[in-house]
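Q: Sequence:
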Amino acid sequence: MYLVIVDTAQIQPYIFGSNRLRENVGASHLVAQATTAWAKEAVRQVAARHNIQSEGTLDDTKSIENPSDPLDAEVLYAGGGNFVVLFRDESSAKAFTRVLSRKVLTDAPDLQLVIVHNPFDWGESLAQKIKATFMKLAEEKRARIPSAPLLGLGVTVMCRSTGLPAVAVARAIRDDPERPVSAEILAKLRAVKRKDESPSEADQRLRELLPPPDGYDYPSQLDHLGGTRGEHNFIAVVHADGNGLGQRIMAIGEKYPAPSQNREYIKALRAFSEEIDRAAQQALRDVLNKLTARIHNDGGNRIIYKNALGKIIAEVELHREDNKWLLPFRPIVFGGDDVTFVCEGRLGLSLAIEYMRRLEEHTRNLRDGKGRLTACAGVAIVRAHYPFARAYALADELCREAKKYRRSIRNGSRGWDGSCLDWHFALSGLSGGIEEIRAREYKVRSGSLTLRPVTLVDNLQEPHRTWTVIEKGITEFQGENWAGRRNKVKALRDALREGRDAVKHFLTKFNENQPLPDVEPSPTNWKDTGWQGRYCGYFDALELADWFIPL
Numbered sequence: 002m003y004l005v006i007v008d009t010a011q012i013q014p015y016i017f018g019s020n021r022l023r024e025n026v027g028a029s030h031l032v033a034q035a036t037t038a039w040a041k042e043a044v045r046q047v048a049a050r051h052n053i054q055s056e057g058t059l060d061d062t063k064s065i066e067n068p069s070d071p072l073d074a075e076v077l078y079a080g081g082g083n084f085v086v087l088f089r090d091e092s093s094a095k096a097f098t099r100v101l102s103r104k105v106l107t108d109a110p111d112l113q114l115v116i117v118h119n120p121f122d123w124g125e126s127l128a129q130k131i132k133a134t135f136m137k138l139a140e141e142k143r144a145r146i147p148s149a150p151l152l153g154l155g156v157t158v159m160c161r162s163t164g165l166p167a168v169a170v171a172r173a174i175r176d177d178p179e180r181p182v183s184a185e186i187l188a189k190l191r192a193v194k195r196k197d198e199s200p201s202e203a204d205q206r207l208r209e210l211l212p213p214p215d216g217y218d219y220p221s222q223l224d225h226l227g228g229t230r231g232e233h234n235f236i237a238v239v240h241a242d243g244n245g246l247g248q249r250i251m252a253i254g255e256k257y258p259a260p261s262q263n264r265e266y267i268k269a270l271r272a273f274s275e276e277i278d279r280a281a282q283q284a285l286r287d288v289l290n291k292l293t294a295r296i297h298n299d300g301g302n303r304i305i306y307k308n309a310l311g312k313i314i315a316e317v318e319l320h321r322e323d324n325k326w327l328l329p330f331r332p333i334v335f336g337g338d339d340v341t342f343v344c345e346g347r348l349g350l351s352l353a354i355e356y357m358r359r360l361e362e363h364t365r366n367l368r369d370g371k372g373r374l375t376a377c378a379g380v381a382i383v384r385a386h387y388p389f390a391r392a393y394a395l396a397d398e399l400c401r402e403a404k405k406y407r408r409s410i411r412n413g414s415r416g417w418d419g420s421c422l423d424w425h426f427a428l429s430g431l432s433g434g435i436e437e438i439r440a441r442e443y444k445v446r447s448g449s450l451t452l453r454p455v456t457l458v459d460n461l462q463e464p465h466r467t468w469t470v471i472e473k474g475i476t477e478f479q480g481e482n483w484a485g486r487r488n489k490v491k492a493l494r495d496a497l498r499e500g501r502d503a504v505k506h507f508l509t510k511f512n513e514n515q516p517l518p519d520v521e522p523s524p525t526n527w528k529d530t531g532w533q534g535r536y537c538g539y540f541d542a543l544e545l546a547d548w549f550i551p552l
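Counting from 1 along the sequence shown, just add 1 to a position and that's the residue number in my numbering.
Careful, some of the hints might be misleading.
Calculated lysine-lysine pairs in the DSBU-like style (CA-CA distance at most 30 angstroms, straight line) [said to hold, decoys possible]:
(1) Lys444 x Lys312
(2) Lys473 x Lys505
(3) Lys307 x Lys473
(4) Lys268 x Lys256
Listed next, with one range per pair, are the computed distances between beta-carbon atoms [as the list claims (entries may be wrong)]:
(5) Arg103 x Lys132: 39 to 47 angstroms
(6) Gln54 x Ala259: 24 to 32 angstroms
(7) Arg487 x Glu56: 28 to 36 angstroms
(8) His386 x Glu141: 20 to 28 angstroms
(9) Gln11 x Arg99: 17 to 25 angstroms
(10) Pro178 x Asp90: 49 to 57 angstroms
(11) Lys505 x Pro388: 29 to 37 angstroms
(12) Arg208 x Gln54: 18 to 26 angstroms
Simulated from the structure, these hints should not be mistaken for laboratory data.
This structure is a prediction, so every number in the text was calculated from the model and none was measured.
Backbone N, C-alpha and C fix where the C-beta goes; we use that ideal spot for every residue, glycine too.
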């Protein structure tokens, strides 16, 4: 037998290398197809007997080791961006590689596919073989030589999205003018092209998993996410990733190490993968349902948020197209624990938090018995026409920072397990990584103005670095003692930058010697000085007071 694992490489620049949402959506659809539908179709073409049912699901009653009716190929699982299949002979494994590679080369140009083969005997431990094959896959990825595409010969026209030679002219679509495009972009646009009145392939996949409510649809342009031109034309790019999923998958293999347990291992691995997919999809549905409920409560075509004085702090007006209101939310990567979506800038944090909380709720009873699946998320809030690839890279970096902080808490507090969040406002251009940016913009003599990253709930190691503290601060600064008092808020921001003595002076001059709002349950000096140790307790809340819209 031969074990084959399929993966993709360099998908971040492939999906997020364009400023056009339509092209990002098309790219995400092609990546998903390569390791799901196309891979299954390639198995069907090269193997007469397999376990793929007509609707694409896997038949658990069929097995490759069955002596009475053995399969030519058995798909073990497809999830997390990987496709794992077992072939009876080497020729079928090679034929599968040829068929799938040709499909990707023709229908998804420039998408990099990585396929590894490993001989396997049913008398071996399948769990150990899959682990070894994934290690081989990682080696193949590291050893890959980056391709240097030919940028043109003679007189060529350059694609505006990729810089590669154009092979066709894409027709104008609404605000998007006619332009020359490369083979890569042409394939992405083909995936989002509507046929007559039917939705495109990419839209159909999204609507099957997350059907929009009647009268609403998903936007295909970043300008249609609900921002208003000028001050509030911002979007949020949200990237969330499950914590420790790889270790949990490896732990399943450790429970079934013997060759006699191979079939039990396959069933457990397949069931766990399907559970994670269902939970992540349901979490996104819950986010969509809560968002649409909020829209309906505010009249059906907008979201309005008022402060304690009844003054509108923020208003998100929905765009209308083809007699439908466009939601201020669009998933781009979905179908597993790794999720990326874009939304109106003021909704980014609330939607990210809602997704992580719902994911925890829907994974409380996973079959591996290791408890709920937590996640970390990064939220990059940028102008609508900010380079999308850079915005996603920032969201990804913020997610990694949240994971790094989570690991530090787990190392200091054994048994703690929770979700973490990090975010950044890119109100202008960015220079350097997030650590460099924060050292430049948020570090002062007294310490750090920001508490980020933070945990969603309790923080055993640093109780002040939780979203609960920041959310309470936002509520206070949107309350009647602070709402609408711009000069007072600005003076507090300046005082926090200057340090403890400046805050004490502020309280005397602007706050009638009253302390700052009480946001931290444990005893601190925050109310009197704004600072506790090396951290400022109010700057994050002040920064979000005019930006955060709760659901």
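Q: Which numbered hints are broken by the structure, listed smallest first?
A: Per hint list: 1, 5, 7, 8, 11 violated.
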